[in-house]
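Participant: Single-letter residue listing:
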Amino acid sequence: MSKQNLILKADDLSKRYEDGVLALDHLNLEVRAGEVYCLLGANGAGKTTTINLFLNFIPPTTGTCYINGIDVTKDPLEAKKYVAFVSENVMLYGNFTARQNLDFFAKLGGKTALSKDAYYQVMRRVSLQEKAFEQRVKTFSKGMRQKLGISIAIIKDAPAILLDEPTSGLDPKAAEEFLEILQELKSEGKAIFMSTHDIFRAKEIGDRVGIMKEGRLVLERTREELQFEDLIKIYIDYMKSEPLTA
Amino acid sequence: MLTAIAKKEIAANLISYKFFIVILLTTLLLFTSFFVLYKDYKGRQADYELVRAKPGEPIAVLAPNPLSIFAKGLDEAMARSFEISPIGIDVRTGQKSGNAVFAFFPAPDFVYVVKVVLSLVALLFGFDQVSRERENGVLRLMLSNSVSRATVLAGKWLGNFLSLAVPFVLVTLIGFALMNLDPGIRFGSSGTGRFLLLVAIALIYIGLFLSLGILVSALTRRSASTLVILLLIWTLLIFVLPNLGTLVARQIIDVPSVKALSEKRTQIWTREILLQIGEQRAVNDRGDGAIRKRHLEAINTQLNALEADYRIKFDRLVRLAKTINRLSPAAGFVYAATELAGTGIDEESRLKSEVIRHKDAVLLEMDRGVKEHPAFVYRYRSVGRVLAEGGLFDLAWLTIALILFFALGFVAFVRYDVR
Amino acid sequence: MLGTIIRKEILNSVISFRFVAVFALLLILVPVTVFILTNDYVKKVEEFSSRRQGIEDYLKAYAHFNRLGGVVQPSQPPLPATALVRGISFDINLEDFDDDPLPVMFPLLDLVFVVAILLSLAALIFSYDAVSGEKEDGTLKLMLANGLPRHQILLGKIFGGTLTLFIPFLVSMVLGLIVILMNPRISWTGANWGSLGLVLGGAAVYVFFFESLGVLISSRHHSSSASIMTSLCVWVLLVLVIPNLSPYLASLLSPAPSRIKVNREISRLTDVERDNLGRQLQAEKMRDLVKRYPVLISLLSEAETKTRAEKDPAFREAVEARTREVQAAWEEANRIQGEKVQVLRTELDRREAAQTRLARIVSMISPLSDFSYWATDLTSTGLRNIAHFNDLSDRWGRAYGEYSRSKIAALQKQDPTVDWWNTAVDVSDMPRFEYSEETLAARFKSALGPLAVLLVMSVGIFGAAFVSFVRTDPR
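Going down the list, the protein sequences come from chains A, B and C.
Residue numbering for the first sequence follows the numbering used here, beginning at 1 and increasing consecutively.
Residue numbering for the second sequence follows the numbering used here, beginning at 1001 and increasing consecutively.
Residue numbering for the third sequence follows the numbering used here, beginning at 2001 and increasing consecutively.
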């Protein structure tokens, strides 16, 4: 794959917290345009830490994160122009309608001149019910909120999308719909990075799958390689095996 | 970006329960305060019409100050009538002293509502700005965009300040305008100017507490803890610190109580009168003569000395009390507001000095047999003088505190862990 | 089961941040306040005794009946209870030139304040999420699913909450009392301790009221954040607004005549009108006298009168008669005008008392007022003591009046030619004003009203919280 499509890059990334815990141990990964990368791992394995580092919510101990070639720690504001974030279980502004939430985050993302129709279009695209467009978000189910979350990411139209456990808590139908949207975005050339527990969906949608254990990327397989290996078995084996640090 | 965030804050406030109930409370309180204090002022005005000095009478009495509707301060004490006689000053008080419940609780004037309620309201607007948005994940979502933390904080501050300030100023101006409809109340251009300045100071005070609320919000992880901390700080700043300062100052500086002073006064003049009568009797002197004159002068000299000595001690006490109290912005606000309105401690002190000066002049005339005396005219200090004599200090201190809290809040927010 | 619930409530609170914060604040604030107040009290006692000494010194040399009344005015001595409860400040002293502006600007701090404002706020802080919080955490559902009866949960919350708050308060009070006991200049009588105990009992009811109120409000809201807003607004109204508005409301609804107007009228009656009446009566009496004693027509100086009276017994009789009649004339004038003044004063007092009563009643809607009245009346620092003090003053005033009348009469008998009104006399046998507190029983009886109101309101709020919680939707 050519270097110029490299959107997300973690270069020898490590993070040790103040209490001494090594959350990330020399992580190296790359995500290109039109590619979906799924990061699997147990709770506390380092998936969310990775995302937090990409978004400059915490500084790395060593190593660098690059978004579209920009060092996230050196120029965070510039870097964030090129990434959209879908958080796990975000409550959004409960008293605002879906459209009002979308409008606010669109403006934050730099899209200041969009019309109401443009918002409606995006919300339709993610299969959010029409009647929900002008309803208060606090009445939404989890699935509806996730859809709204992804529509916020879509409307930003950034080359990279980071998702933190996007399908957790969704019923199977909603999860399928969500993944369909991700497929569309991938074919539009977005670089998609997703942390998840969901092995099945990871296998389905991931162009590349990585497994994290105790802060280390212990395994990385491409879609082709996974046709011959049972991801589920590998994953469970890793989870059951002895801890890496004695 | 800043305006987008500010607009969002305002929009969110307008549809929130918190905003609704808090603004309702504030509006209710402000209008009630205006009405009640307005009636109180009218009553005192009616009293004044009864006691105002007829031309030539040796009475010093000040008309009640219309600005006392907003900052009652010491206006009751200042509007007493001081009748000058050779043996001292005869004081007549107004209506309120008959109902003892007045002495139990402080007057609910505009300054009180701002000092107590609006500070709490501002804290309530600020306390969940950071911690709550972190708790429900929205903060992370915001900061995943290309917007600096400074912008986010400034937008929050601006949006919430406007949400507070606009209804507040509106209600206050409406109240002021309604009062101007009464032909019996004349604020004049000076009064209106002072009033507007008072509103401006109130806005600084409100902004200060908003900044404090946001600061503490950016220092805590859970909004429930933020609230408890802020409520306790609020109690300390509004109720404990201002009052404690006065108490502590009294321990350090010895000032005779006012009752002791009154007793001494009575003893001085009754003693002198007795001595005078005794001397007159001894030489068969019946009327106004040299003996009487000498004793009246002695009374005046001793009373003035007593007063001067008390003043010195009292001024020292007030200065120390003010210094300690001023640690609380609530005290600074009350000082600035009352001095500006002309109902503060310094103004009252100045009035008393003027009354004494007038008394000395009148006594001189009485001595010479003059029966008609010039009227007592008191000019309130100009705004410039009020500022120069401490008002500017309080104003600056409030502004610095606002900037300081905002800056600290900014620093805290930049380091805030948004996960 | 109830015991378990209460224990859980207490344990849950004790390890919470808000408990530690409130406890720490109380532990610091109460002893510091008490320390400052006791020093203040000791200073006041010293000043009071030096004032009395000053008066006694004056009386030794300058006591003359014309002005004596003004010098020996009754005054309230500082009470030991003011180490804890300040009550109404007599020291504002608006009646004299030297008023004290500081208490007007910043009402002074005392135990009543700490309880009234801090404890009520703390009670709301502790209880605002009593129900809504457990709804949000999902623990309410859990408790109910385990078959816990609702009324027990409620009782556990309210009583647990009250205990959680009240015990630290008692601990800080004990510290404060140690401060008082350590000061050798303060001695508390049994009645003082008794009244303190009663005050603390009232404080417990007060805390109970606000705990119940917090739980009631909490059960009406689904989210704790809405609940705290409502709680704070209600608190502001009850504690900071209603008491302050009540006297103004009362003066609108039950106006009293303007004191200035009445004083003006009284001045006129006792000054100009009395002088005119006195002169008129004196003239009448003189006309009769001259008919009986024609010798009195001649006007002599005081010295000449005295010499002639010594020599001429008939003249002395005439002079004595004149003195008697003149005095009688002025006494008559004083009496007539005095009655008129009395009518005015009585009416003023009646109307002012009515207004004060109304203000007090209106303010009693606020539990803060109820507790303030309870605490101040029990410790003789409140409205009741003002009335009691006025009673004692009146009684002393009458005794003094008796004394001055009989003393003057005796002196005049001795030497009728001396102007005894304006001569220094020996008043070592004059009754001195002595203040004593009312019995604890009397204070208790008068303070019972506000406490009863507080109790009734507490029971009412508790009942409302009960009903509301029993019906609340746990989801």
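I should point out that these hints are in silico values taken from the structure, not numbers from a laboratory.
Keep in mind that a hint or two might mislead.
Unchecked claim - Mimicking DSSO-like on lysine-lysine, the simulated pairs with C-alpha atoms at most 30 Å apart in a straight line are:
| no. | chain 1 | residue 1 | chain 2 | residue 2 |
| --- | --- | --- | --- | --- |
| 1 | A | Lys-131 | B | Lys-1007 |
| 2 | B | Lys-1018 | A | Lys-131 |
| 3 | B | Lys-1352 | C | Lys-2445 |
The model shown is predicted, which means the values in this text are computed figures rather than measured ones.
Participant: None of the hints should be skipped; say for each whether it holds.
Facilitator: Verification of the supplied hints:
no., hint, verdict
1, Lys-131(A) <-> Lys-1007(B), "holds (25 Å)"
2, Lys-1018(B) <-> Lys-131(A), "holds (27 Å)"
3, Lys-1352(B) <-> Lys-2445(C), "violated (44 Å)"
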